Amino acid sequence: MRVLVTGMGGHLGTRVAQLLEERADVEAVVGFDLAPPRRRLRRATFTRIDPRDRERLIAFVRDFAPTAVAHFGVYEPAARLGVRAAGPASEDCTVNALGAAVRAGALEHVVVRSGLEVYGRGRRRSEVPDEGAVLGPASPFGRTCLDVEAHAASLSRRHGIPVAALRLAPVSGSRAPSPIGRLLRLPAVPVPALADPPFQLLHTDDAARAMVAALLRRAEGAFNVVGPGAASPWQAVHLGRRIPVPTWGPGWPAAARAAEVLGAPVPAHVIDLMRRGLVADDTRARTELGLVDLVPTQQVLADLFAWASVTPVAPVVSNVSTAVADDGGPHLRLVGESGA
Amino acid sequence: MTPDGVAVAAPVVPNYGIDDDRLLRRDPVVGALRRRLTGHYAVDAFGGDPHLQDFVLAPVAGRIPMRIDGAEHLPTEGPALLVANHGPLLVEPLVLVGAVQRTVARRLRVVGLAAPPVIGALTHKLGGVSGHGGDVAAVLRSGHLAAVPLTRRWLGTGAGEAPRGVIAATLGYPVLPVALALRGPLGLPVAAWSVRIGAPLLPPEGTEAGDPLAAAELAESVRASVTALLGRPGDGAIR
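Read top to bottom, the protein sequences are chains F and X. For the record, in the first sequence the residue sitting at position 97 is 97 according to the working numbering, with numbers rising by one throughout. For the record, in the second sequence the residue sitting at position 138 is 1138 according to the working numbering, with numbers rising by one throughout.
Just so you know, these hints were derived from the structure itself, not from any lab. All values derive from a computational prediction rather than experimental measurement. Be careful, since some hints might not be right.
Some chain X residues close to chain F (C-beta under 10 Å, calculated; not the full set) [stated by the list, open to error]: (1) Arg1102; (2) Arg1141; (3) Ala1228.
Calculated from the model, a selection of chain X residues having no Cβ within reach of chain F, i.e. all distances over 12 Å [stated by the list, open to error]: (4) Arg1022; (5) Leu1037; (6) His1040; (7) Val1043; (8) Ala1058; (9) Ala1121; (10) Val1139; (11) Ala1199; (12) Asp1211.
Which residues of chain X face chain F? A partial, calculated answer using Cβ under 10 Å [to be verified]: (13) Gly1039; (14) Ala1071; (15) Gly1134.
Built from N, CA and C at the ideal position, the CB exists for glycine as well.
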C-alpha cells in the first residue's frame, strides 16, 4: 500500500503517518501540508506544499501515484487556519489532491476526514443521528465537510473507487489545536443560559487510529467516530473550574467576539455545539472498524484541563525554552512536557 | 447487540462511579452538591444526567405507591421497549420510572416528553428522549430500557394507538406491553397505581428492521396486549 496523507503537518496527519510507517504492509507513506510535522517521522516523507498551489500539488501527487489516500487536508476554521481561509483551502486540497491521485492511475481506496457538523440540528431531526440520518449542516465547517464528502462520493461514482468518510466528533487533545479546546480553557466560558445540551469529543490519537483502521479494512461509506459518553457545557465548565457565563440569543456573537479578543477565536460550529450540542450514534464504527476502546469524552475533557493547569515554578525558569505550540503561537515548554 | 444479532462491544464509559443504566448508590446531599459544583458527573449522549436522576428523580419515583404485576418480564440487563397506555395524567412516565427502579434497579428513558425551551432541557436530563425513531433505536442499541406511550386517551379508558414509526425503527428488540392505572378500593381511581407488565412481543423471525407491515402488525399486537392487561369493563380490573 502506498499512502498519501494530505494535511500531514497537522497533529492528526502526523499521527496517521506515524501509525502507518510502523506497518510492514505499508510500502510508502508520503504527505504534504502548509506546515511541517512537529513529530519525528522515520519512514514517511513530508513535502511542504500549500494546498492552494494547484500545479505543484498535482505534480507531486501524480509523481507518487498513491494506492490509498488518507485525506486530512480538511481544515477546521480557527484551528490551524483562520475562519475565512479554512473553507477554500479544504476545497482546493480536496479537489486537487484527489483529482491528481485518480489521474495517477493506481488509486484503489480513499478515506476522507469529515465531521458530525454535517448533520445539523433542529426540530424533526434525530438528536443522536446515525450515518443514515438526514444531512443539513448549519455552519461553514459543516458545509465544508459535506462538500468534501460530495467530492469524494463523485470520485467514487465516476471511477469506481471505494470511499469512506469519517465523521469525527470535535477533535481535541492537550497538544492539538482546536477551537473548542481553546474556548473551554478560557477563564470564563459562555454557556447556554436556558439549556445544557450534550456534546462528544474525540481524542486526537483516536481520530488517527480511526483513519488507519478505515484504510487497512478498506472501509466504504460514512462512519461516526466519537469518544464514548458525553459532556455538557455547564458540566465541562465546572469540571475545568472555569467561570460559567450564562449566554442567550444575541449574547452569543458578543461572547464569541470577547473570546476572540482573549485569544480563542470561536467559529460558528463551536457556538452551535455549545448552544445545541453535538452527539452521534457510533455503532457502525464500533462494529465495522473495531473502534471499541476509544478515549471517553470525559477523559478527553479531563486531559484538556489537566494540561492547562500546569504552572511553571521559579526554579524551573532557567530550563524553560521557547517552543512553537501546535496552534502556531509561542508558548513555554513546561516541566515534564515532551515538546512534541 | 443489534436486533440482527451483531455483537457490539459496549463502550466503557467511566462516569465518576455513576452508572448510566443502573441505580447503584445515591450520594448524600452534601456530596451530591459538591459533585454538581466540581463537575464530577457526566451526561449521556441522549442528554440524560444520571447523577441528577439519582438526586431528584429517584426519591420522588420511589415514593409513588404502586402494585406491580409481571415484574419478571422486565430484563435485568440489555435493551427493551416498554409500551404503556397514556391517560389524562402527567405522572404516568414517573410511575413507569418508579416501577422499573423498584423491580430491576435500572434507569428508564421516556420517549416523547414535551421539549419546549428550559423544560425540554430538564426532561432530557431526567431521562426524556425525543420521539424520533432513530433516537429510540439508538437508546436500545446502547443497551438501555426505553418507554414509549400509546396515544393519549383523555377519558382514561382503553388503550390508544401504538407509535408505528418508533416500532418500525426498533423492530427486533423486545417490546413489553404495560398497563398503568390508578386503582383503589372498589376499583376507584384513588390510592396506589397498578402496573401490569406483559410478556415480551417480537416480530416474526427474519423480519427486517423498518419493515412497515411487520411494524403495523406488532403495533396492533401491542395495543391488544395493553388492552387485555387493562382488563374488561365491569370486572373490577384497571381501565
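inquiry  = To test your reading of the hints: which numbers does this structure violate?
reply    = 1, 3, 5, 6, 7, 9, 10 and 14
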